[in-house]
Amino acid sequence: MHQQSNRDFHDGADAGRGFRSDNASGIHPAVLAAIAEANIGHAPAYGADRWTADALRLLAEQFGAGSQAFLVLNGTGANVSALSAMLRPHQAVVCSTVAHLFTDECGAPTRFTGSTVLPVPAEHGLLTPDRIDASLPQSNRGEHQVVPAVLSLTNATELGTVYRPDQVADLAEWAHSRGMLVHMDGARLANAAVSARSSLTDVSIAAGVDVLTFGGTKNGLLLGEAVVFAGTAAGLAMARDFRYIRKQSAQLASKMRFVAAQFVGLLNDELWRRNATAANAAATYLGQQLSSVAGVQLVHPVQANSVFATMPPAIALRLRKDFGANIWEQSTGVVRLVCSFDTSPNDVDGLVAAARSTSGDDPTACD
Numbered sequence: 000m001h002q003q004s005n006r007d008f009h010d011g012a013d014a015g016r017g018f019r020s021d022n023a024s025g026i027h028p029a030v031l032a033a034i035a036e037a038n039i040g041h042a043p044a045y046g047a048d049r050w051t052a053d054a055l056r057l058l059a060e061q062f063g064a065g066s067q068a069f070l071v072l073n074g075t076g077a078n079v080s081a082l083s084a085m086l087r088p089h090q091a092v093v094c095s096t097v098a099h100l101f102t103d104e105c106g107a108p109t110r111f112t113g114s115t116v117l118p119v120p121a122e123h124g125l126l127t128p129d130r131i132d133a134s135l136p137q138s139n140r141g142e143h144q145v146v147p148a149v150l151s152l153t154n155a156t157e158l159g160t161v162y163r164p165d166q167v168a169d170l171a172e173w174a175h176s177r178g179m180l181v182h183m184d185g186a187r188l189a190n191a192a193v194s195a196r197s198s199l200t201d202v203s204i205a206a207g208v209d210v211l212t213f214g215g216t217k218n219g220l221l222l223g224e225a226v227v228f229a230g231t232a233a234g235l236a237m238a239r240d241f242r243y244i245r246k247q248s249a250q251l252a253s254k255m256r257f258v259a260a261q262f263v264g265l266l267n268d269e270l271w272r273r274n275a276t277a278a279n280a281a282a283t284y285l286g287q288q289l290s291s292v293a294g295v296q297l298v299h300p301v302q303a304n305s306v307f308a309t310m311p312p313a314i315a316l317r318l319r320k321d322f323g324a325n326i327w328e329q330s331t332g333v334v335r336l337v338c339s340f341d342t343s344p345n346d347v348d349g350l351v352a353a354a355r356s357t358s359g360d361d362p363t364a365c366d
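Each residue of the sequence shown is one higher than the last, beginning at 0 in numbering that gives the first Met the number 0.
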């Protein structure tokens with residue numbers, strides 16, 4: 000067995016868990032219990048229930064008393080509805096070339112907002128003001144070109160890296176000085192906050208983000224995200240009509256209490272932090288162990304709950320078959336492995352042992 004030190008994550012029994020995605024994980028027992036409790040009796044629909052009131056209160060405690068939050072159903076819906084409040088059709092959203100809203104939302108942001116997406120190359124998924132300046136058109140052709148109006152950041156990024164609060168603040172200052180708003184895709188915001196040793200708001204709204212999508216699905220919920228508007232003049236102006244946008248975006252749940260109850264379970268007693276801490280710690284350990292296997296090389300810093308590595312095809316195919324590994328880039332052989340709140344040390348050890356035996360680098364094997 001490997002050393003057990005520095006592993007702050009769940010050591011439960013293995014139960015068919017894999018590494019394909021945190022979307023493949025189950026529901027945290029405390030969240031299931033919250034759903035069951037909300038299932039007793041009847042309650043008003045469309046958010047006029049006590050669970051929704053509690054969830055919105057807890058979100059305001061996390062993101063500031065002046066902030067306004069709206070519960071929605073999923074990540075793409077959260078991004079699309081948030082951007083719909085921020086953009087007009089002649090405007091554009093600037094994001095990284097690996098941003099979920101650019102690569103994995105089937106053009107939904109463009110369809111629903113009528114706006115253009117301007118992708119910018121980013122090192123390890125992280126944008127900088129200099130990189131954006133180097134990529135955006137420097138000439139102004141007036142009404143013949145779209146107007147960049149929103150900067151979208153993902154935290155944690157799609158490549159498992161994290162914007163620290165100071166990096167978010169620098170980018171927000173860059174955007175605001177140009178009259179732009181800042182959107183953050185926070186599907187893995189909890190993982191980013193844990194990585195940065197900060198609060199949820201420190202890596203988002205407190206650093207200058209105007210509109211945030213706060214994810215729960217990847218961190219122990221059945222489903223559910225929150226769109227959070229900063230308690231600023233700009234944020235509150237956008238929040239004013241958001242309930243109509245949410246309805247038109249098919250993101251208003253009639254039995255809202257079952258979404259809200261999950262957030263109550265997640266935000267009470269900092270379950271969000273414990274879950275993200277477990278997932279991040281598992282990924283850190285996985286990266287350390289996997290990088291010691293012959294032929295395996297990490298390609299991005301492991302800062303949240305994802306590990307990206309190149310490896311020989313035989314190992315990649317073995318990990319895909321037995322552990323659900325995602326072959327991220329066929330041409331380069333990059334494989335993505337994602338840890339969840341319930342990833343155990345045995346899960347990690349089993350994957351690494353399989354990789355090692357496939358590589359022929361198994362120290363326990365007999366000659």
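Derived from the structure by calculation, the hints contain no laboratory data. Hints should not be assumed to be uniformly reliable.
As the list claims (entries may be wrong) - Straight-line alpha carbon distances no greater than 20 Å define the calculated EDC-like cross-link-like pairs of lysine to aspartate or glutamate that follow:
1) 254 x 129
2) 254 x 103
3) 320 x 348
4) 246 x 36
5) 254 x 53
Unchecked claim - Simulated DEER-style distance windows between Cβ atoms:
6) 330 x 28: 18 to 28 Å
7) 120 x 326: 21 to 31 Å
8) 39 x 326: 30 to 40 Å
Glycine residues also receive a C-beta, built at the ideal position from the N, C-alpha and C atoms.
20 Å Cα cutoff - pair residue 246, residue 36: Roughly 26 Å separates the two Cα atoms, so the pair is violated.
21 to 31 Å as the expected CB spacing between residue 326 and residue 120, which holds or is violated: holds (22 Å)
Distance restraint hint 18 to 28 Å, applied to the beta-carbon atoms of residue 330 and residue 28: For residue 28 against residue 330, whose Cβ atoms are near 41 Å apart, the range 18 to 28 Å is violated.
Hint consistency between residue 320 and residue 348 [alpha-carbon to alpha-carbon, up to 20 Å]: holds (16 Å)
Agreement of residue 254 and residue 103 with the hint, judged by alpha carbon distance not exceeding 20 Å: violated (28 Å)
Restraint status (C-alpha distance of residue 254 to residue 53 at most 20 Å): holds (15 Å)
Whether the CB-CB distance between residue 39 and residue 326 falls inside 30 to 40 Å: violated (45 Å)
20 Å limit on alpha-carbon distance, applied to hinted pair residue 254 and residue 129: violated (46 Å)
The structure fails to meet hints 1, 2, 4, 6 and 8 from the earlier list, while all remaining hints are met.
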